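*Asks:* So the chains spell out like this:
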Amino acid sequence: MAKKRRRRKAGPSAAPVEGAPDPSSPRWWPPLRAAILSFFIVFSVLSAVPTPGNVTMQKINLKTNRAELLRWVKILDGWGIEVEPDELAQWYVDLAKDLEGIKRTVVAPIGPVQAWTKTHQGWRLFGMPDERPFSLQIVASFGGERRVLYRTASDEHDWNDALFRFRRIRGSFNPGNLYAPGTYDGFARNVSAMVFEEFPDADEVIISMIQTHTTLPGKPKDPTAEERYVRTFTRPKS
Amino acid sequence: MKRFVQRIVAAFDERESPTALVLIRVLLATVMLSDLLWIGYFGVSDWLWAPVSEGGISPAVHQNPPVIYQWFGLDAGTATLIYVVLLVSITMFGVGCFTRTSGLVFVFVYAQSAMANDYGDRGIDRAVRVVMLILSFSAAGAAYSFDAWRKTGSWRGDGKPVPAWPRFLVLGQLVLLYCAAGFSKGGTLWFPWGGYGALYVILQDPIYAKMSFAFLEHPVLYFFTQVGTGITHTWEMGAPVVLLAAYYRRTAERGGFMRRWFERLRVRDVYVFIGVGFHLSLAVTMYLGIFPWAMLAFFPAFFRPEEIEGFGARVKARLRRH
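As given, the protein sequences belong to chains W and C, one line each in that order.
Quick note: the first sequence, position 211, residue 211 per the working numbering, numbers continuous.
Quick note: the second sequence, position 245, residue 245 per the working numbering, numbers continuous.
Honestly, I wouldn't trust all of these hints.
As the list claims (entries may be wrong) - Result set (DMTMM-like, lysine to aspartate or glutamate): computed pairs, CA atoms no more than 20 Å apart in a straight line: (1) W:K59 / W:D98; (2) C:K210 / W:D130; (3) W:K221 / C:E217; (4) W:K237 / W:D203; (5) W:K219 / C:E217; (6) C:K160 / C:E306; (7) C:K210 / W:D158; (8) C:K210 / W:D155; (9) W:K74 / W:E84; (10) C:K210 / W:E156; (11) W:K97 / W:D86.
Calculated from the structure, these hints are not laboratory results.
This structure is a prediction, so every number in the text was calculated from the model and none was measured.
Bound conformation, chain W alone (with noise of 0.2 Å):
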């Protein structure tokens, strides 16, 4: 019973003192501690601090960041402020260069701790939704028939869905606008030796990401979809 009693005392629930100082800690530790967890938090803030980041003309022209541009300069133009497109997109990219130049500088101090851990504060969260998103294809050839295997969100074609689902594996194929990822050959290749495998009759496969328009309610719908990024692999003899 002693045994229980004192075992229901033991625990975190045991007389938690909120707000008490460390009565064990040597007089020169808290001060030098409370400098260094000072120093990541100021420069944590600062490096989460959100900036534009890389941006350049090239990227400003693909057709979704254009849409927003120009849906800027409609904005700006309700607000009194006349501005060309070119304009406007010019000066945002100096804004941004300025921006991350002096964001590189001031975060300078905490940069390899972050570099070694990975640990940068960058928190663009579907910062701009993409009005232009993709889907994954994966057709396969046999003897000229072509079929499709494999396409994002399709009931019918789901060969593999919750390996291409799985958050690690989509970030090495889906894309952005202006490039495929780094990952993106590595996967079809493996993607492909997959069917090979699978698939004894499949003489060619072929992956590609469909890039389809969503528009707003409301709007002419724009059905057109194009295939980027098409990689091709054939049978390699045995």
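We have chain W; now place chain C onto it with these hints.
*Replies:* The following block gives chain C in isolation, referenced to the frame of chain W:
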């Protein structure tokens, strides 16, 4: 200035029960373990971390090999080693076995894996590393752990209060993350003048959406997505109110109109409630992997340990009654 510095030193010297830290440790380890088990289930550790010549997909492994490949060799064996070390270290961290060491090992190897394949490493992985790093310097293993049993003879530890600053830092990191994410949303679709169309557009992305959300173009349903967009954006940018609420609570004796209203409106609880709803909605509607679950695993940092213990005691009492 001197008083301000003294206050900061005193705040970082505070102690509290380790309950919140323990809860974050266990929840986070569970989420990360499940993520790693999926890698094992699909058998893709080689895809992610082996050199291209040995079945890998990331050119970075041989173009700019992280230090772990320099130590153990530029081959598929190192990819397997990364996987096994991550699996073992996160399990040890979860059960609180050499908690600090296993946490630091996990962060180091996890960072190496990110260097090897940056495309398989998302924002949430960075957030996990930040929080794991903080927990590795904390007393998250002081209770309900193998370490507690080893040191005190009880799985529940000795009940001594531990430094509170790690919880403050996790809370600060949450606020920083949400606030920065909110202010990073520069696309017009996140704003009233862009029609608050962001959520609708995101849900039409076939790679993320769990089902077809084409039906949301119905005017009534579209209106709800617009409301959702507005709430999400405001909720993210408004994260600092949680810090203000914490400050008001700590200085409750000063009184005043704002303190009274923050107390009456239960600002922090409302913020957390919306956050839980937000993350659960994401989990239900989108393929975002561990993101919603890992973020929710950080949520105990919003609460003081005695609040969590009180909640646990109430649940236990209710269960006993039924």
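*Asks:* Could you work out which earlier hints the structure fails to respect and list their numbers in ascending sequence?
*Replies:* none
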